[in-house]
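Chemist: Chain residues, written in single-letter form:
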Amino acid sequence: MINLEKLTKYYNKNARGIIDVSFDIKEGEIFGFIGPNGAGKSTTVRTLINLIFPTSGSGTMMDLDIVKDTVEIRKHVGYIAGEINYYEDMTVRKFLEYSGKFYKVDYEEKLDYLAEKLELDLTRKIENLSFGNKKKVAIIQAFIHNPKIIILDEPTSGLDPLMQTIFFDLLEEEHKRGATIFFSSHILSEVQRICDRVGIVKEGYLVKIEKIEDIMKTQAKNVRIIADGDIVLKNSHIAKMKKTGNIYTFIYTGKVNELLNLLHGKEIIDLTITEPTLEEIFMHYYEREEK
Amino acid sequence: MKLLIETEFKRNFKSLLLWTVIVVGLAVMMLAMYPAFASTMEDIGALMEAYPSGFMEAFGMGEGGLDMTEPYGWYGIEGYLFVTLIGGSYAAILGSSILSKEEDDSTIEFLLSKPISRNRVLFGKASVIIANLTFMNLVLGIVTLIAFALIGDFEVLIWFLYILGGFIIQLIFSSIALMISVFVVKSRKVMSISLGLVMGTYAIDIVSNVSENLEFLKYITPFEYVNAVSIAVDKQLDLLYMLFSLIIIIVSGFITWRVYTKKDISV
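Chains R and G are the protein sequences, given in the same order. Heads up: the first sequence begins at 61 in the numbering used here, then just goes up one per residue. Heads up: the second sequence begins at 1276 in the numbering used here, then just goes up one per residue.
Think of the hints as simulated: they come from the structure by calculation, not from any bench. None of these values were measured; they are calculated from a predicted model. Yeah, the Cβ is synthetic: ideal placement off N, Cα and C, and Gly gets one too. Treat the hints with care, since some could be wrong.
Now the stretches of chain G that chain R is said to cover, found in silico as 3 or more residues with beta-carbon under 8 Å [stated by the list, open to error]:
#1 1374 to 1382
#2 1388 to 1395
Straight-line alpha carbon distances no greater than 30 Å define the calculated DSSO-like cross-link-like pairs of lysine-lysine that follow [said to hold, decoys possible]:
#3 R:164 with R:154
#4 R:208 with R:268
#5 G:1277 with R:185
#6 R:161 with G:1376
#7 R:262 with G:1538
#8 R:262 with R:300
#9 R:177 with R:154
#10 R:185 with G:1461
#11 R:161 with G:1277
#12 G:1376 with R:128
Produce the complete structure using the sequences and hints provided.
Modeler: This is the structure:
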């Protein structure tokens, strides 16, 4: 559905955007695009909607070329930009009608439905909206025409937790309807929440594409032990050992029964083994790539 | 494209109305003063003779130039200037802002995520410029037509050339401003450059009228292309100058199109 082949963008000789980014997103997939600010997420997104032109490489969406067929592509794409800037002098309703009319489809019903869900006042002027409310306008204009592809660049920033939940519900509805979703974010927990696969970007390179479940399934575990007195724990699978008082925390990458064997006979008061968060795994990837 | 044009026209309509009132108001006010001046014209003629010839040349009133005692000469000196200079400034401001404002305000990221090509964005915006200038000159045309008719002997050709001349110089300034705006994105910067161009070429026009050594400069100022003397005295617009005007509009239009459809939009 979305396919990039060695897509490269340099703004000028020294300003790197992205380098050799390739991926293939299947129809109906929710693809997370993760990396810190400045990694090249927005560059990728803006190339997808042809706001900027690739330096080399190519891309297609729905088998249409992202440069040549951009207008045809945009008929079926809903896009939420990282920064929301709309016509300040328009009322929300006027703006959304303007937005909807571009698609030559009936949008009124969907507009009202989304506005009600998001509790957005349509009579206000854009200039008087808070950041969070602008984001709601952005969500509506992106979903209004039932797009086949939804491209999101940091969509939840500015939304309070309640609204975030509503947003994810709406996104889930779009997904059920059949939309393919490209979700760019630096917040891993939200990607973890809905994505099937994630691509991890770093300094312009796509370093890894993994299934969320595979990432979560890596053997690394967070281990926390409360011991009665000092104990000695040594094993090649133990990393990042931290000791505060009699509390030991570390990451364990080996098999759990080996860990239990290691602990056997020692004075252990409490033992907790937890799945690492995506954040932690992510840091792990970054560090490993650096080595 | 119709949607864009409609929306854009509506958004710019208030400012269009304001500028139209200013330009037409000033031009007509000067025309309205003509009868009062005409009655004391002999004294004024004597007064004018007292001015240095350079001054008279500067405003097109030298030998073979505009005759202030005639309505069309009077309009050429007192009213037409507002159409070319202030109307030209409006055209420059409109050309500077209509496209670059989207980029400057970053609303272009929204617009270009909709199914509309850059071609159509550009042609839509250009159409709004032309529509606005047409509106302004249409109002001016109707009002001056009535005014000239009231003053006396109505010459349709001169009246028409005055309107056409104003329209042409406004088109020139707006197309140059539009071209600058695809290179320099900040609306304010584009605007000061374009307005500087209007004022600068006006100053050049005056200088080229006064100094024989600098007469060659007249070829680079649009104010000369549509000057009142050739309209009121020769009853024509110079063919060579019209060609220049056409070339400027076409070339700047082409460059605008070429650059805008190929460039990275920065937000």
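Chemist: So, for every hint listed, does it hold in this structure?
Modeler: Structure-based check of all given hints:
1. 1374 to 1382: Result for this restraint: holds, n = 3.
2. 1388 to 1395: holds (count 5)
3. R:164 with R:154: Given pair residue 164 of chain R, residue 154 of chain R holds - Cα atoms ~16 Å apart, limit 30 Å.
4. R:208 with R:268: Given pair residue 208 of chain R, residue 268 of chain R holds - Cα atoms ~26 Å apart, limit 30 Å.
5. G:1277 with R:185: Measuring from Cα to Cα gives roughly 24 Å; hence the hint holds.
6. R:161 with G:1376: Distance of about 22 Å is within 30 Å: holds.
7. R:262 with G:1538: Roughly 26 Å separates the two Cα atoms, so the pair holds.
8. R:262 with R:300: holds, 23 Å
9. R:177 with R:154: Status holds; Cα separation ~19 Å.
10. R:185 with G:1461: Distance of about 24 Å is within 30 Å: holds.
11. R:161 with G:1277: Distance of about 11 Å is within 30 Å: holds.
12. G:1376 with R:128: holds, 26 Å
The structure agrees with every numbered hint stated previously.
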